[in-house]
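Work out the full structure: start from the sequences and follow the hints.
FYI, in mature numbering (1 follows the signal peptide of the UniProt record, and there is no 0) the residues of the sequence shown are -22 to -1, 1 to 155.
Don't read these hints as lab results, they were simulated from the structure. We treat Cβ as the ideally placed atom computed from N, Cα and C, and that holds for glycine. Some clues are possibly wrong.
Here are the computed distance ranges between Cβ atoms for each label pair [what the hints assert, rightly or not]: (1) 80 - 145: 17 to 25 Å; (2) 5 - 76: 43 to 51 Å; (3) 54 - 132: 48 to 56 Å; (4) 76 - 47: 30 to 38 Å; (5) 93 - 128: 32 to 40 Å; (6) 145 - 84: 13 to 21 Å; (7) 60 - 133: 33 to 41 Å; (8) 80 - 23: 18 to 26 Å; (9) 53 - 133: 52 to 60 Å; (10) 96 - 51: 16 to 24 Å; (11) 95 - 142: 33 to 41 Å; (12) 88 - 9: 13 to 21 Å; (13) 73 - 10: 47 to 55 Å.
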Amino acid sequence: MRKIVLSLFCLCMLSCSSDDDANVDNTPAIIGTWVISQFNVENDAFDLNNDGTESNNLVSESGCYQGETMIFNANGTGSITYTTDLELTLTNSNNVETFSFECLVDNSSYNFTWIQLENGTIVADNNGDPTTITMLSNNTISRSTFFEYPIVFVDANGDVISTSYSESDATNVYVKQ
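This is the structure in structure tokens:
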């Protein structure tokens, strides 16, 4: 009986493995390429695509910003690439407001460094200009930004009387590719 128990004990010990965690991927979820899906303006909504529905998402309303990416590398560096920028103009003529917009080619990119804090928040820094990246899920992130557009006042003849600017907080949402 003692030999059977000893044999079972040895068999159990030999069948245990210390490499059970060898296949765990410890790569932070942020590593990879992220593509913009939304540019949400906080305090304004627009119907730029004339579908009869106002939205605060400038990507879906204008078609601008398509292809904007953020890349996070495992070594703590990254880059953001812009493809277009939205030039939005509100014209007020005889108290009738109309919006017009144009997607301007931007093709600029900026490098940044990033760290992930213990609470999961990512802080990206572009030459002393930090921004907070929030993981919404394993395949969605967001970052805070702002949006500014001119308000042009014109007279009945279409001549510009004055121009001011409206600024709003905004949030960009990216999905992982």
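Here is what the structure says about each hint:
no., hint, verdict
1, 80 - 145: 17 to 25 Å, "19 Å, holds"
2, 5 - 76: 43 to 51 Å, "49 Å, holds"
3, 54 - 132: 48 to 56 Å, "50 Å, holds"
4, 76 - 47: 30 to 38 Å, "33 Å, holds"
5, 93 - 128: 32 to 40 Å, "37 Å, holds"
6, 145 - 84: 13 to 21 Å, "19 Å, holds"
7, 60 - 133: 33 to 41 Å, "35 Å, holds"
8, 80 - 23: 18 to 26 Å, "19 Å, holds"
9, 53 - 133: 52 to 60 Å, "57 Å, holds"
10, 96 - 51: 16 to 24 Å, "21 Å, holds"
11, 95 - 142: 33 to 41 Å, "39 Å, holds"
12, 88 - 9: 13 to 21 Å, "19 Å, holds"
13, 73 - 10: 47 to 55 Å, "49 Å, holds"
Checked against the numbered hints listed earlier, the structure breaks none of them; every hint is satisfied.
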